[in-house]
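Heads up: the protein sequence lines correspond to chains A and B, in order. The numbering of the first sequence is the numbering used here, which starts it at 4 and goes up by one. The numbering of the second sequence is the numbering used here, which starts it at 34 and goes up by one.
Calculated directly from the structure, the hints in this document are not laboratory data. Note that the structure is a prediction, hence the values are computed from the model and not measured. Any given hint could turn out to be false.
Here are some of the chain A residues that sit facing chain B, going by a computed Cβ distance under 8 Å [what the hints assert, rightly or not]: (1) E46; (2) L50; (3) N68.
Away from chain A, derived, C-beta distances all over 12 Å, residues of chain B [stated by the list, open to error]: (4) T46; (5) E47; (6) G49; (7) S64; (8) N83; (9) D89; (10) P94; (11) A105; (12) T109; (13) K111; (14) E116.
Ideal Cβ positions, reconstructed from N, Cα and C, are used throughout, including at glycine.
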Amino acid sequence: RKEVEQDPGPFNVPEGATVAFNCTYSNSASQSFFWYRQDCRKEPKLLMSVYSSGNEDGRFTAQLNRASQYISLLIRDSKLSDSATYLCVVIDWYSSASKIIFGSGTRLSIRP
Amino acid sequence: DAGVIQSPRHEVTEMGQEVTLRCKPISGHNSLFWYRQTMMRGLELLIYFNNNVPIDDSGMPEDRFSAKMPNASFSTLKIQPSEPRDSAVYFCASRGDLDEQYFGPGTRLTVT
């Protein structure tokens with residue numbers, strides 16, 4: 004089993020729809036979680052952190068489910084500009100270092 | 034504020050040549066990361082530094098790859114000799130106070 008897994012998609016949804024995708028992780032002791040967005044031929048950009056209590060930023064909501072070991076990203080009222088690849092990141096902290104694992108990404112395409 | 038700066042943005046070289054990629058992290062960030070991204074393997078962490086010291090280089094593919102961080106504002110990733118399978122986008126990122134990473138625009142390397 005991969006340490007961090009994402010459904011590669013593509014998710015193809017109409018503008019205005021709500022879409023959600025998950026990212027599962029294998030290490031129950033993982034401590035930090037993030038969602039990044041990557042546009043074609045561009046660098047990944049931080050979208051939002053994922054806190055234990057959940058995190059909402061406008062149309063975006065991120066949640067953490069420690070019991071089932073996954074994080075989720077919900078996008079409401081999707082826009083054409085939301086089309087991108089969404090990468091989850093899981094960070095495990097050790098005594099003097101951290102292990103950083105990116106998921107392979109979920110591709111989202113919003114159609115008019 | 035300037036973000037992470039990488040140079041060159043594009044590099045085309047012949048097999049066997051030495052390639053040097055450069056990165057300037059965001060001022061004040063103490064951690065710097067080198068990643069490689071390909072379609073087949075996604076985003077892979079190669080090495081990261083804390084306070085200019087290499088912490089984890091387990092992702093460096095082989096001895097042909099080396100990375101240095103002589104001071105807090107500069108790092109290099111060197112490939113010698115380069116091979117066609119090294120063709121990829123190489124990203125540098127620096128880390129803020131809350132584990133979030135900020136990526137540079139990347140160097141697109143093509144080895145013929």
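Right, here's what the structure says about each hint:
1. E46: Check passed: Cβ of A/E46 comes within 4 Å of chain B, closer than 8 Å.
2. L50: 10 Å, violated
3. N68: Interface hint status for A/N68: violated (19 Å vs cutoff 8 Å).
4. T46: 20 Å, holds
5. E47: Correct as stated: the minimum Cβ-Cβ distance to chain A is 24 Å, above 12 Å.
6. G49: 27 Å, holds
7. S64: About 9 Å separates B/S64 from the closest Cβ of chain A, which leaves it inside 12 Å; violated.
8. N83: B/N83 is in fact no farther than 12 Å from some Cβ atom of chain A, at 8 Å.
9. D89: 5 Å, violated
10. P94: Answer for B/P94: holds, closest chain A Cβ roughly 17 Å.
11. A105: 19 Å, holds
12. T109: Nearest chain A Cβ is 19 Å from B/T109, so the label holds.
13. K111: 21 Å, holds
14. E116: Answer for B/E116: holds, closest chain A Cβ roughly 23 Å.
The structure fails hints 2, 3, 7, 8 and 9 (numbered hints given earlier, in ascending order).
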